[in-house]
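Trainee: Using the supplied hints, reconstruct the complex from the two chains, each of which is provided in its own coordinate frame.
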Amino acid sequence: MPRINSPAELEEVRKEILSKRDPNKPCITLCSGSACHASGSREVAAKLEEEIQKQGLSAEVDIRKTGCHGFCERGPIIIIRPEEICYFQIKPEDVPEIVSQTIKEKKVIERLLYTDPNTKEKIIHESEIPFYKNQGRIVFGSNVSVDPKSIEDYLAIGGYAALAKALSGMTADAVLQEVKKANLRGRGGGGFPAGTKWEGTRNAPGDIKYVIVNADEGDPGAYMDRSLLEGNPHAVLEGLTIGAYAVGAHEGYIYVRQEYPLAVENVNIAIKTAMELGLLGKNILGSGFDFTVKVHRGAGAFVCGESTALMTALEGRAGEPRPKYIRSNIVGLWGKPSVLNNVETWANVPLIINKGADWFTQIGTESSKGTKIFSLVGKITNTGLVEVPMGTPLRDIIFKIGGGIPGGKKFKAVQTGGPSGGCLPEDALDLPVGFDELTKAGSMMGSGGMIVMDEDTCMVDVARYFLEFLTDESCGKCVPCREGMRQMLKILTGITKGKGKEGDIELLEALAETAMEAALCALGKSSPNPFLSTLKYFRDEYEAHIQEKRCPALSCKELIAFYIDPAKCNACTTCARKCPSDAIIGGKNLIHIIDQEKCTKCGTCFEVCPPKFRAVTKISGVPVPPPVPEEARTIVRESKQK
Amino acid sequence: MSEVLLQIDGKEVKAKQGMTVLEAAQSAGISIPTLCYHEKLEPFGACRLCIVEVESRGSTRLVVSCVYPVEKNIIVRTRSEKVDRIRKMILELQMAHAPDAFILQDLAKEYGADKNRFEKEPSFCIHCGLCVRYCAEVKKKNAIGFVDRGIRKEISFIPEIAAKECWNCKECFPLCPTEALQAAYVLVEALAAFPSPSAEHASGK
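Residue numbers (the numbering used here), protein chains in the order written: chain A, 1 to 642; chain B, 1 to 205.
Bound conformation, chain B alone (with noise of 0.2 Å):
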């Protein structure tokens, strides 16, 4: 793989072709906010949180680092005014689902960011989908998806997957950016409607 030089926050960073801004970035040891990205799965580029500015020929425009493919010569901001007014806004449209969250509470205080702006309507998600692509796309499983669209967007366990395989696993649940009440919340709902294994062991089955 050739390297690309790029200058990130006025450092000369090497990149591996191919990689992303986001990567580049935390190898230079250079801090980006993230809600929806995680090492082990795909890409997702939806919470926005990971924006920046970056220059190239001349003009200037944002990205959101997790997906963008880092390019020879570009120059990478991870802040600025329009950057940190964006997060903010992002934060506070998050924390009126999830107000109490600590990683929305720490962020809110680096950016400044008001919990109170919108009004709440509790639902804990924040639809950053780490449940939903760490069973997909590391165990494989599926057991956990998304229904609907826009604002009426859930996660939801599919009772019959779920039942066979969310015992013995649960590894979305520390994923949760929102300390996985809400995975909890959802899963007992979904399997309220199956026996448990060991109650069928208990009834002799």
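Pulled out of the complex, with its shape left as it was, chain A reads as follows (with noise of 0.2 Å):
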């Protein structure tokens, strides 16, 4: 394609595109994010491809490869349009009915359409699905409809369109302002006010200025950014610069994982056909405002997400944090004023110029606006990539959207924001979900983590995985997060191995103080939140743990014990021939009994053991009943008696 020279011809080009496509013409969608592909999707995309070749179809039929679609729990998942028939859990062998049946005979196949978990009925339409319809997907909807590696698609929907808007009828403070008013907040975790931040740069003295996008995402379980520059990387790229023409930029950063090289690609071929057709690069679009963006891989730090610690990584040192009294965006990157923003704040800003302060506020809490993106995982039926309006009840989150907790077990806690976030219970299920409402119970929004958790996972557990993840990721510069995360996390550990004793939680809540009021950065401060949260909570779990060696969710193996119930074993001696560890002392008739000495409390008996049977159970807290002495082990069965 030529360089386009001003939003006319832009709007041209569009057209143009939009001409050649036929919107009754079949297109394939398969998802091919990261995510997909573990899944099977390439191979899928490739058998797609033989296929439609195959059956003499390619003149009649489109593939478009795109990002995630956010279900990632029944991916690779396939879009037929125009109809939107939608398949799921697609293997390469249900390739070839889906092209002759549903491509060239328009029949739906009825077994790789969703079936609703409660009324068992088989959806067709993707906006019909439970998990879809009650989103609010204005963010990452576009998903769906765009091959990451085309600009045309991205333009086809209208891309660039903001960027047009902006710099040919705006004013950059009238961008700022627009910005400002949407109230949009920071979307990678502290929620700061993105107009504000902006402000200070713009005012701030110097010519040299920076807009950086944080895609350091490295909360575990949380790739929401991930899907995002993967899936959608123009639309990151149009809200960077529009940024960077509001602050008066004209070089920009994205700082990606090295662990995220599908999202390095794609953002790299975004970047090289965006400067082809002067979306990026001199003069964009003929205004005269210039505009660079350089991707800078991270060496896997989680510290890194931290904005100053960023910063320092970029300028080529070890990813420390800095002292915040004067902010990055007065004194940033090599000292100039620089904007970081995370990946999803920055896709949020061509929706906010494109449609509007107005519209965005009209979504959301009263301090919270427009949408997030949650990464629902953990113990939940439906994991994936889920966006909600701001506001949205966490219930609805986990129970409409996400089909709550699968196996029959019990919700017990949801933690958000990520490692420093915190655990919420029951209770507080019907809380909205926004900046301050979370900060407010306990926990924080963060970038968007969202583990749900069942009854059988032991609290005090889970404040020391986090603990642990926490400890291994510090940068190691100040006291109070080395040094007492160091502590608090040997003092967790103990607890969860029955060596808990009186005064670990002051000692604890101690050293949580230090490092909320004395560490250097936010991940420092934040640090004794995974255990805070859950003593708040969950009090009474920290106190059986010390104080009657007892795990409660009967999770922590060196305070459980596994015991076969005499009056239920039926000497089916599955138990015992699975055991690795021949701890199993039984035989036919004879009622099994667990070696308590040679048991390492893998679980597998209580795995195995019939589900009619039941009979190996956990106990915590209570000593082992004494074996069934020897000469009262036989089992007299009563269909042999008669």
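The reader is advised that the hints may include incorrect statements.
Here are the simulated BS3-like pairs of lysine-lysine, each with C-alpha atoms no more than 30 Å apart in a straight line [unchecked claim]: (1) Lys536/A <-> Lys82/B; (2) Lys180/A <-> Lys525/A; (3) Lys324/A <-> Lys153/B; (4) Lys88/B <-> Lys497/A; (5) Lys525/A <-> Lys170/B; (6) Lys91/A <-> Lys104/A; (7) Lys11/B <-> Lys324/A; (8) Lys120/B <-> Lys164/B; (9) Lys106/A <-> Lys47/A; (10) Lys109/B <-> Lys525/A; (11) Lys536/A <-> Lys578/A; (12) Lys88/B <-> Lys490/A; (13) Lys525/A <-> Lys82/B; (14) Lys40/B <-> Lys525/A; (15) Lys153/B <-> Lys497/A; (16) Lys120/B <-> Lys549/A; (17) Lys141/B <-> Lys170/B; (18) Lys153/B <-> Lys490/A; (19) Lys104/A <-> Lys133/A; (20) Lys410/A <-> Lys440/A; (21) Lys578/A <-> Lys598/A.
Note that these hints are calculated values from the structure, not bench results.
Mentor: This is the structure:
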């Protein structure tokens, strides 16, 4: 495509692209993000291309490999347009049938449809599936329509119209005011108002300013930024360019994790094609505004998601945070004023410019506007990425969209905000999601991680797990974080191993205070959150571990024992055969006994004991009952007595 | 440079714009404990011991005085119940590594810190970074640096540079608040692989 020199030319190009596209031409959309690749979408794609060719349909059918659709639990996902037929968990062997039946014969293949687990009804269209129906996908929704490697696809859905509008019809200040008015808050963790941040940079003295995309998403289980950057890189670039124009920056950086190769690849392609079309580079759309973007790959440190550590790493030094008494929007990268926002925040900017702050502020709560993408994982039926309007109750996200807890288990807690977030109990489920609402409840929004836990999860162990993660990821510069976490982790580990003692909780609280008050950066200051929020809502579990050496969730290995209920054992011998440490004494017609000395508590016996017997149980906090005397172990079966 | 008037521990203090609260306090003869601060080096803000209370426009917060710039009319309190409690904890955490360091022992007396509060893991190094920063900022040699991160972070001499630069310098040794034990040990370890210049002479190379 030739270079586009004005907003009018952009609209011409868009018209031309759309005129070549027949909305009634069959198009097979296949999700092809990293998560989809993991579930085999590359193989499906190869088969699809092969099959379309084989059946002589190359000219009549389009294939579009898009980014993540969000419903990763059921991936790979195929949507067939224009009918919008949605198929899930596609395997390569399903492809010939899809092509011959659905594409050629226009017949729906029942077995590949989504089945509502409650009504058992088959659902054909994506928009009618509860997982999607209850979302509000204004940012993430475009992923399904765009091949991230194709700038034409992005232009076809109205891409770069916001940039054209900003550059041709708005002053830099007007753009800034619009974002400020929209009250767009940072989606990366802090929730700081983006407009205020931008304004500081714009008003800061100096000619050289920077804009930065934080794509160093490091929370365990979170992948919304990856999916956005992989699936719709132009939206992020467009937002970044608009931000650069608003603050007067001519250089931008995308700091993306080394672990996100597809995001790196797609965003580099996006930059290259945008440069060729004059949507980046010199004199963008003939406006006289110049802006270039470089991609910097991070080396895998969680702390580099912290803004000042990220900037230090960009400068080529070890990624350690700097004191923030002078904010980085005034003194940032190489000492210059720098706006740093995360991927999702930047992706919201084109929407605000296109549709206006008034439209944006209609969505959400008093203090949190727009939508938020959450990565819904853990003990949840529908794992995936969900985007909801701010203010949606947690309960709706977990039960209406997420489909509740699998296996008939009871909900226990939801962990929000990443490792330094907090766990909220059942009572807090009616809480509307929003920055201030979550903070008030003792957790935080963070970047949008949402890990659901069921009754089998030990909350002390959860705190220990996150503390372990944070200890491992601490940069080690300041004492309250490095040494404080070292000690907190030791104490928490001790508690989960039955070595907790009186005074442990108080000592943990004192260490938590030191970290919160005295640590250098936000990571250190929030590092005690996993402990504090679990203590707030699940103090009884801490006390049970310390005082009774009991794990109420029957999860901490050192505090539980496996025991076979002699009244329920049918001597089926399954557990004895499967036990990897030969710890089960039994035999035909003999009640089975677990040798507690040999038992490694792997839980195999518990899992394999047939549900009709349920003889193997877990016990905690009480002594294991003495084994049945050998002479009383023989099972006398009623049927054989007769 | 314009002057800034602030109050530290009830005393009116005149400071130059751009000074840190710690420097302003020192200029007025008010002492704030430090471990990672050195007048010849850029402020590091790592040990957090110099934490103080700052009251401005009616709200009070804790800041680290070695990096916090002076502001007009702020009220600084170098001691308070909370400040003392945090300093005590920081000292106790450090003493798990260097229980016998004199500077820590003296401060422990002042703040009532118990050197046995945490299980001992003697490593001598308390990660103040004085040796690392002195070598980089003053000597400009970068013969010693930090390796790894978090609780695995250690100081380490880079043998290739240390073999050339360290024999006649060793200026970092006396800077070490835990009596140079760690730096000396780590240097010997790093140099073990490299023949000393004198050894080279002796062997006639």
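Trainee: Look at each hint and say if it fits the structure.
Mentor: These are the hints, each one checked on the structure:
{"no.": "1", "hint": "Lys536/A <-> Lys82/B", "in the structure": "22 Å, holds"}
{"no.": "2", "hint": "Lys180/A <-> Lys525/A", "in the structure": "28 Å, holds"}
{"no.": "3", "hint": "Lys324/A <-> Lys153/B", "in the structure": "23 Å, holds"}
{"no.": "4", "hint": "Lys88/B <-> Lys497/A", "in the structure": "29 Å, holds"}
{"no.": "5", "hint": "Lys525/A <-> Lys170/B", "in the structure": "36 Å, violated"}
{"no.": "6", "hint": "Lys91/A <-> Lys104/A", "in the structure": "19 Å, holds"}
{"no.": "7", "hint": "Lys11/B <-> Lys324/A", "in the structure": "27 Å, holds"}
{"no.": "8", "hint": "Lys120/B <-> Lys164/B", "in the structure": "36 Å, violated"}
{"no.": "9", "hint": "Lys106/A <-> Lys47/A", "in the structure": "20 Å, holds"}
{"no.": "10", "hint": "Lys109/B <-> Lys525/A", "in the structure": "27 Å, holds"}
{"no.": "11", "hint": "Lys536/A <-> Lys578/A", "in the structure": "41 Å, violated"}
{"no.": "12", "hint": "Lys88/B <-> Lys490/A", "in the structure": "20 Å, holds"}
{"no.": "13", "hint": "Lys525/A <-> Lys82/B", "in the structure": "16 Å, holds"}
{"no.": "14", "hint": "Lys40/B <-> Lys525/A", "in the structure": "29 Å, holds"}
{"no.": "15", "hint": "Lys153/B <-> Lys497/A", "in the structure": "27 Å, holds"}
{"no.": "16", "hint": "Lys120/B <-> Lys549/A", "in the structure": "26 Å, holds"}
{"no.": "17", "hint": "Lys141/B <-> Lys170/B", "in the structure": "12 Å, holds"}
{"no.": "18", "hint": "Lys153/B <-> Lys490/A", "in the structure": "18 Å, holds"}
{"no.": "19", "hint": "Lys104/A <-> Lys133/A", "in the structure": "29 Å, holds"}
{"no.": "20", "hint": "Lys410/A <-> Lys440/A", "in the structure": "25 Å, holds"}
{"no.": "21", "hint": "Lys578/A <-> Lys598/A", "in the structure": "14 Å, holds"}
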